[in-house]
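Colleague: Same order as they appear, the protein sequences are chains A and B. Here the first sequence stands for residues 624 to 902, numbered as in my numbering. Here the second sequence stands for residues 2 to 274, numbered as in my numbering.
Please note that the accuracy of each hint is not assured.
[Unchecked claim] Cβ-Cβ distance ranges computed for the label pairs, FRET-style:
{"hint": "1", "chain 1": "B", "residue 1": "P127", "chain 2": "A", "residue 2": "W742", "range": "24 to 32 Å"}
{"hint": "2", "chain 1": "A", "residue 1": "S773", "chain 2": "B", "residue 2": "L30", "range": "30 to 38 Å"}
{"hint": "3", "chain 1": "B", "residue 1": "E167", "chain 2": "A", "residue 2": "G661", "range": "48 to 56 Å"}
{"hint": "4", "chain 1": "A", "residue 1": "V770", "chain 2": "B", "residue 2": "P127", "range": "35 to 43 Å"}
{"hint": "5", "chain 1": "A", "residue 1": "T675", "chain 2": "B", "residue 2": "G142", "range": "52 to 60 Å"}
{"hint": "6", "chain 1": "A", "residue 1": "G776", "chain 2": "B", "residue 2": "A33", "range": "24 to 32 Å"}
{"hint": "7", "chain 1": "B", "residue 1": "A114", "chain 2": "A", "residue 2": "D768", "range": "39 to 47 Å"}
{"hint": "8", "chain 1": "A", "residue 1": "R769", "chain 2": "B", "residue 2": "L30", "range": "51 to 59 Å"}
{"hint": "9", "chain 1": "A", "residue 1": "W742", "chain 2": "B", "residue 2": "S38", "range": "33 to 41 Å"}
The set of hints was computed from the structure by calculation and includes no laboratory data. Glycine residues also receive a C-beta, built at the ideal position from the N, C-alpha and C atoms.
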Amino acid sequence: MLHVDRLTKSLPDGRVLLNGISFTVSRGEFVGILGASGAGKSLTLRCILGLTKADAGSARLVEPDGRSFELTSCTGRNQREARRRMGVIFQGFNLVKRLRVLDNVMIGRLAQIHPLRSWLYGFTDAEAEEAVQALRQVKMETYADRVTGSLSGGEMQRVAIARAIFQRPSLFLADEPIAALDPSNSLAIMKLLQPLSRTTPVLGVFHQPEMTARFCTRVIAIKRGAVVYDGAPGLSHAELEEIYGDELMQVLRPTPPAAPPAGSEPGPAVGLLLPNHPS
Amino acid sequence: MSAALSIPTATARADRARRAWRIVLAATLMGALVVGSAILCRVDVVGFLPGLFQGLSVLRFFFPPDVGSLAEMVGPALVTLLLAAVATPFGVALSILFGLAGAANLSPAWLRAPARGVIAVERALPEIVVLLLLVAALGVGPFPGVVTLAIGSVGMLGRLFADAIEEIDARVIESVACVGASRWQVVRYAVLPEVMPSFLANAIFRFEINLRASVLLGAVGAGGIGLELQKAMALLEYERAMMAVLVTLALVFGAERISDFLRRRVLEKGGLR
C-alpha cells in the first residue's frame, strides 16, 4: 500500500509545483494519474521515488508484512531498501543500451544480492532462469542475448517491464510508459501492466484518458499541483475539460494529424507569425 | 518560399564585408606573430639552407647501419616496450579512479574539484619534467620511468574518462539507482558498460603514446633503446645510432599497427565483457 500525504514542492522562485497531493494506492488497484502537461504528475512520482526532494508532506510504502518505509525522508541504505520494493518503468525506457537484454533484466535485482556477487556478474542459474521467465511474460525471451540498444521503443519498454517484474517489487510505478510509443505498442504495454496489478498495485502517469478508462481501476487527476479528481476511471467529457483545459483536444487525439497530401501548398510558418509567440 | 527567407540585400552586403575584414585582420595578426617570433628567436633563414646541406652530408656517416649491433639492441628495445606495457595499465587504473572522482554526475563537489585539479595540473606538466623530478627522488632507472608514464596517462585518460561519464544519459543512471542499487553498482552496471569501449580504445592509444614517450624518457635516464641511442651518439658511433633508430622505428610502427587493430576491434565489438 502506498500512502501519499500532502506532498508539497515549490521552486526557489516561489512557484508552487505540488500543492498538497494526497492519495492512497491499495492492493489490486491499477491507478492512473491524468493531468495537463506541467500539472505535477511526473513530479509526484519523482517525489515518491526520492529522486526529487519534496518540501513537505510524506509518502509511505507499507509492505504486505507490515514493514513500512518513509519514502520522502529516507536516505542512503534505507532509501535503497525502499527503492528495491518499487519497480519503475520510465517513459524513455532508460535501459543500459550496451548491455544485453538479459543483463538489463538482471539489474532489477541488484539490490537483493550481495554487492561482491553483483560486481562479478555473479547471478545464479536460477536467477537467470527467472529473468528469462520475466522476459517470457512480456514475450521477449527470444531477445535475451541481443544488445539492448538495437531494440525498438516498444521492445525496450517490454524489457523495462520485465526488469521491474524481475525486481519482485511490492508496487509498480510507471512514468508515462506509453507516451513515446505508437498506438498498437501502447495498447500492448497496457495489456501487460493490467494483469500485474492483480497481485501488485500499479501506479502510472498517463496522457490518454481513453487508455486509463479502459484499463485502470481508478483515476486520479492532478491540476496545478493538486488532486482535482479521484474515483472511477471513466471520466465525462466535462470532467476531462475541467482537468485539461485548452489541452483537451490534443489529449483526445493522440495520433498526430495526417500529413498534407503530396503536391499541396506547404502551410505558412504559423508559429513565427502568431502575435503571442514567446519570442 | 525564397522571398520569405531572403535577407535584405544591404544587410547581407554589410555582413559579407564584415566577415572579409575579420579574415584579413586574423591573417595579419597571425603573420605579425610569426615574423615577430622569428626575429626574436634569431631564426636565420639565409644560413639555414647551407646548414641543411651540411647536415645531409653528415648523414652519410650513419650508413650503413651497424647490423652487427642488432643483437645488443633487442634487450634495450624490450625494456622500452616493457616500460610502456607496465606503465599503461597502472595509468589506466589511476585514470579510472580519477575519472570517476572527476565526473560531475557521480561524485560530490568536494571530491570532484580536487580530482579535476590533479588531472589538469598533470596534463600541464611535460613528462620530462616529471621524470627529472622523480629521478632526483628515486634515482636513475626504469622505475621512475614507469611512474612517470603512469602518472602521465592520468592527465589524458582521466580527463577523457570523466568527460565520457558526464555524457551518459542521466536518466539511465537514475533508473539503475531506482532499483535500489548502490553507487558502486550503478558504476558497474550503468557507467562502465556505457563508457568502456571508448575508454579501452583511448587506453590502447595511450599505450602507443607511452611507447614513444618511453623512448624519449630512456635517453633522460629511464634506460632502454633511448639510452642506447644517446650513448651511441655521444660516442660518435653513428652507424650504431642508426641501428637504434631503425629498431625504434620498427618497435613504434609495429605497436601502432597492433594498437590500430585492437582499437578498431574494441570499438566495433562494443568492448570486452
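Colleague: Each hint should be assessed against the structure and marked as holding or not.
Modeller: Hint by hint, here is what the structure shows:
1. For the hinted restraint 24 to 32 Å between B:P127 and A:W742, the CB-CB distance of approximately 37 Å leaves it violated.
2. Between A:S773 and B:L30 the C-beta distance comes to about 50 Å, which lies outside the given range of 30 to 38 Å.
3. Range check, B:E167 to A:G661: Cβ separation about 28 Å, and the 48 to 56 Å hint is violated.
4. Checked against the hint of 35 to 43 Å, the pair A:V770 and B:P127 passes, with Cβ atoms roughly 41 Å apart.
5. A C-beta distance of roughly 56 Å is found between A:T675 and B:G142, which places it inside the suggested range of 52 to 60 Å.
6. Between A:G776 and B:A33 the CB atoms are about 57 Å apart, so this pair departs from the stated range of 24 to 32 Å.
7. At roughly 42 Å, the beta carbons of B:A114 and A:D768 sit within the given window of 39 to 47 Å.
8. A C-beta distance of roughly 56 Å is found between A:R769 and B:L30, which places it inside the suggested range of 51 to 59 Å.
9. For A:W742 paired with B:S38, a C-beta distance near 54 Å fails the hint of 33 to 41 Å.
The structure does not agree with the numbered hints 1, 2, 3, 6 and 9 stated previously, though it agrees with the rest.
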